[in-house]
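J.: Each chain, written out:
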Amino acid sequence: MSSSYLTPVLTGRTLLRANPVSKLFAAVVITVALMSSIDWVSATVVLGCELALMPLLGISVWGLLRRIWPLLIAAVLGAYGTALLAEKTGDVLLAVGPVVFTEGSVAAGIAVGLRALALALPGIFILLTTDPTDLADALAQKLHLPHRFVLGGLASLRLVGLLVEQWETLGLARHARGIGSDGSVVARTRNLLGQSFGLIVQAIRRATRLATAMEARGFGGGTRTWARSSTYSALDAVIAVVGLLVAAGALTAAVLAGTWNFILS
Amino acid sequence: MTPEGVPPRGAVHVSAHGWGWRHAGRRAFAARHLELEITPGERVLLLGASGAGKSTVLHGLAGVLGTQDEGEQEGELLLDGAHPASVRGRAGLVLQDPETQVVLARVGDEVAFAAENLSVPREEIWQRVGRALDDVGLALPLDHPTTALSGGQKQRLALASVLAMEPGLLLLDEPTANLDPDGVLEVRDAVVRVLERTGATLVVVEHRVAVWADVVDRVVVLDADGGILADGPPGTVLVQETTRTRLADAGVWIPGWRPPVGGTLPSPGSGPTLLSARELAVARTKRGPAAVEDLAIDIRAGEALGITGPNGAGKSTAALTLGGLLRPRAGTLLAQPSLAGTAGSTPHRWRSPQLVQRIGTVFQEPEHQFLTASVADELEFGPRRVSGTVDTARIAELAERLRLTHLLQANPFTLSGGEKRRLSVATMLATAPRLLILDEPTFGQDALTWAELVTLLRELVDDGVAVLSVTHDADFSDALGGATLHISGGAGRLVSR
Numbered sequence: 001m002s003s004s005y006l007t008p009v010l011t012g013r014t015l016l017r018a019n020p021v022s023k024l025f026a027a028v029v030i031t032v033a034l035m036s037s038i039d040w041v042s043a044t045v046v047l048g049c050e051l052a053l054m055p056l057l058g059i060s061v062w063g064l065l066r067r068i069w070p071l072l073i074a075a076v077l078g079a080y081g082t083a084l085l086a087e088k089t090g091d092v093l094l095a096v097g098p099v100v101f102t103e104g105s106v107a108a109g110i111a112v113g114l115r116a117l118a119l120a121l122p123g124i125f126i127l128l129t130t131d132p133t134d135l136a137d138a139l140a141q142k143l144h145l146p147h148r149f150v151l152g153g154l155a156s157l158r159l160v161g162l163l164v165e166q167w168e169t170l171g172l173a174r175h176a177r178g179i180g181s182d183g184s185v186v187a188r189t190r191n192l193l194g195q196s197f198g199l200i201v202q203a204i205r206r207a208t209r210l211a212t213a214m215e216a217r218g219f220g221g222g223t224r225t226w227a228r229s230s231t232y233s234a235l236d237a238v239i240a241v242v243g244l245l246v247a248a249g250a251l252t253a254a255v256l257a258g259t260w261n262f263i264l265s
Numbered sequence: 001m002t003p004e005g006v007p008p009r010g011a012v013h014v015s016a017h018g019w020g021w022r023h024a025g026r027r028a029f030a031a032r033h034l035e036l037e038i039t040p041g042e043r044v045l046l047l048g049a050s051g052a053g054k055s056t057v058l059h060g061l062a063g064v065l066g067t068q069d070e071g072e073q074e075g076e077l078l079l080d081g082a083h084p085a086s087v088r089g090r091a092g093l094v095l096q097d098p099e100t101q102v103v104l105a106r107v108g109d110e111v112a113f114a115a116e117n118l119s120v121p122r123e124e125i126w127q128r129v130g131r132a133l134d135d136v137g138l139a140l141p142l143d144h145p146t147t148a149l150s151g152g153q154k155q156r157l158a159l160a161s162v163l164a165m166e167p168g169l170l171l172l173d174e175p176t177a178n179l180d181p182d183g184v185l186e187v188r189d190a191v192v193r194v195l196e197r198t199g200a201t202l203v204v205v206e207h208r209v210a211v212w213a214d215v216v217d218r219v220v221v222l223d224a225d226g227g228i229l230a231d232g233p234p235g236t237v238l239v240q241e242t243t244r245t246r247l248a249d250a251g252v253w254i255p256g257w258r259p260p261v262g263g264t265l266p267s268p269g270s271g272p273t274l275l276s277a278r279e280l281a282v283a284r285t286k287r288g289p290a291a292v293e294d295l296a297i298d299i300r301a302g303e304a305l306g307i308t309g310p311n312g313a314g315k316s317t318a319a320l321t322l323g324g325l326l327r328p329r330a331g332t333l334l335a336q337p338s339l340a341g342t343a344g345s346t347p348h349r350w351r352s353p354q355l356v357q358r359i360g361t362v363f364q365e366p367e368h369q370f371l372t373a374s375v376a377d378e379l380e381f382g383p384r385r386v387s388g389t390v391d392t393a394r395i396a397e398l399a400e401r402l403r404l405t406h407l408l409q410a411n412p413f414t415l416s417g418g419e420k421r422r423l424s425v426a427t428m429l430a431t432a433p434r435l436l437i438l439d440e441p442t443f444g445q446d447a448l449t450w451a452e453l454v455t456l457l458r459e460l461v462d463d464g465v466a467v468l469s470v471t472h473d474a475d476f477s478d479a480l481g482g483a484t485l486h487i488s489g490g491a492g493r494l495v496s497r
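Chains as they are written, first to last, in our numbering: chain A, 1 to 265; chain B, 1 to 497.
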């Protein structure tokens, strides 16, 4: 039962082999390109490229949808909200009382929805194809982030996985004491707060014990060596170039289509 | 007593001169007036009552007690003449709880971690990893996930990762207290193999002395008031009548002795049936696999039942389901009218206040069930949830019976391990449930708490309460009698006595 929370299910053999730094680089370049302009053309190009790269993930569209459906709903809601509230330009498409959709506002809504998805997918790609230990190795050895910070983060990531399990255990333990998730809204809220506090107490105790175990194994000194070497290969160059191409392609398409809309102008 | 010949190279010499440590924010010293010389290669079993400072001494030797902010030190504690924190890697510490020591996701990386921290060159790290895993007998691929290990395997992994530092002093803080009997032997035998190869000095703390008595060549007993109560070879310290009496009084488990318990051995239940399970399948999560299937059991008033089986077999899941906390995956779990009263026959549908009057479940970790800031509030909490009022006379009697009266104003989280256990049982008894379920109630408990618990449970059974305990502890099962539900390989088998 605990393994499902702790061991991320990784897919995509090719991307799994790549160095996390190259994946991060590609994701950052694409994100910067998307952030620089709110328009539907650049968002569509990026999203199209991302969907074309889907086979690299090694999971079906269904598998992906199962994992990211809350994101889809958020994107749709964002699009709807924007279409409802954005500046009403162009022909009126639908008007029911105060609810007015125009060509301009719907285009803005679609752009926001597509952009949200296009922004989220690189993160999903990295999460699904990156072993946290490899990520820590790369951050410390390639980007030279402080090892205490990186390894502390890695250890705490595993504890976060345990929190879900502990939350469930605490809920059962409290139910057994006579305080459960029933009663009035006030009672439920108080119970939720109490259980959250209990979780924090347990989390701190657990983290303290783990810190002692790490210290007892010599962690915390000034220097250390790395058992695993974080290396770059030709694959990483390809990933970086693909990232740059996707970003450049999106910006070029938007400028040519005349939808380029630089956020700082 | 060093083995024949010269002391092995690299084994650490330990010396303590008037050493003491007081944790910041505490008035009393956790350990004090310690005078101790341990020669290289010696194997020492460190004993003492709860609160005598055994763990503090081990943490001090491991150099993890911290700086002046974290406490006050007096005297000196030295490894080969140096301060423990200044010689990182000379001492390796394995802690009690297998679950809170794992740092990384893969077995090989976990063992490599300590060697990396000591700046060992990469090629040598992997040689050390292979040797350490060999030493502890973990024949697993290096990329094997650490979450997929049993408790005994996790403790051997913790031992291996300490060995990768090639320590001259091995420190074990109750390494087998949370393990099933097979796990205990796995870990003990791994330690013996390691010591034979490396010749390192050993200091081990453990309540259950029998596990280590044949392995060590010296037993040191700490006095709860500071200093040392007894010191000598196990054949002397554990055999002499004077020291045996003192150890027994301190709650130490000595070989060939079981603490005396009160009450009478419960006889098979003849009371009305409270709870019946038929073709019951239990699962921890709504969608995950079933842990045990096709369970059939009747629980009667006034009987003691045990649930046994290896770690991870699904004993706790079965107990939580029988306790009405988890929904059965399949089959039926029926509360008979004698238990259900007005509340309907399906325990998992009972609301919390209904549940606490009928079934009390004591979790393995007492802290999970503490809800308030004082022992008195803890005891009154259940009755208040049920009826809004508190029978103060009954609470006072309960506190008296479980020796909690002097602690009524204390914060539950600050109690000792034994006190926490007594309180967690008392809180459940406050609402007078007819069925009491306990998950590993004797894990890590000293002999005194153990005997109190057995006596209390015997009296409860005598009063007509049904007691169901998940336990690895054969002495505990013997002392309570009753049938046992043995769970392994996804199935349960009822063994009568």
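I should point out that these hints are in silico values taken from the structure, not numbers from a laboratory. Given the structure is predicted, the values throughout are model-derived calculations rather than measurements. All C-beta atoms in this analysis are idealised placements derived from N, C-alpha and C, irrespective of residue type, glycine included. One should not assume that every hint holds.
Okay, derived cross-link-like pairs now, SDA-like style, lysine to any residue, Cα gap no bigger than 20 Å in a straight line [said to hold, decoys possible]: (1) B:286 x A:168; (2) A:142 x A:201; (3) B:420 x A:162; (4) A:88 x A:107; (5) B:286 x B:329; (6) A:142 x B:119; (7) B:420 x B:389; (8) B:286 x A:184; (9) A:142 x B:122.
Only part of the chain B face toward chain A is listed, based on derived beta-carbon distances under 7 Å [claimed, not checked]: (10) 64; (11) 103; (12) 114; (13) 352.
J.: Verify the interface restraint on residue 352 of chain B: the C-beta must sit less than 7 Å from at least one C-beta of chain A.
T.: 3 Å, holds
J.: What's the verdict on residue 142 of chain A and residue 201 of chain A, does the C-alpha distance respect the 20 Å limit or exceed it?
T.: Distance of about 36 Å is beyond 20 Å: violated.
J.: With the threshold set at 20 Å, check whether the alpha-carbon distance from residue 142 of chain A to residue 119 of chain B stays at or below it.
T.: Distance ~18 Å between residue 142 of chain A and residue 119 of chain B Cα, so the pair holds.
J.: Does the alpha-carbon distance linking residue 88 of chain A and residue 107 of chain A stay inside the 20 Å limit?
T.: 10 Å, holds
J.: Is the hinted pair residue 286 of chain B and residue 168 of chain A satisfied, with a Cα-Cα distance of at most 20 Å?
T.: 12 Å, holds
J.: Is the hint on residue 114 of chain B kept, meaning its closest Cβ partner in chain A is under 7 Å away?
T.: 4 Å, holds
J.: A closest beta-carbon separation below 7 Å is what the hint needs, so does residue 64 of chain B meet it against chain A?
T.: 5 Å, holds
J.: Under the criterion that the straight-line Cα-Cα distance not exceed 20 Å, is the pair residue 142 of chain A, residue 122 of chain B satisfied?
T.: 17 Å, holds
J.: Next pair to validate is residue 286 of chain B with residue 329 of chain B; report whether the Cα-Cα distance is within 20 Å.
T.: 8 Å, holds
J.: Between the alpha carbons of residue 286 of chain B and residue 184 of chain A, is the straight-line distance 20 Å or under?
T.: With Cα atoms ~26 Å apart, residue 286 of chain B and residue 184 of chain A exceed 20 Å; violated.
J.: Does residue 389 of chain B sit within 20 Å of residue 420 of chain B, going by the straight-line distance between their CA atoms?
T.: Since the Cα atoms of residue 420 of chain B and residue 389 of chain B sit roughly 25 Å apart, the hinted pair is violated (cutoff 20 Å).
J.: Would you check whether residue 103 of chain B satisfies its interface hint, that is, whether its CB is within less than 7 Å of any CB in chain A?
T.: With Cβ-Cβ at 5 Å, under 7 Å, it holds.
The structure shown violates the earlier hints numbered 2, 3, 7 and 8.
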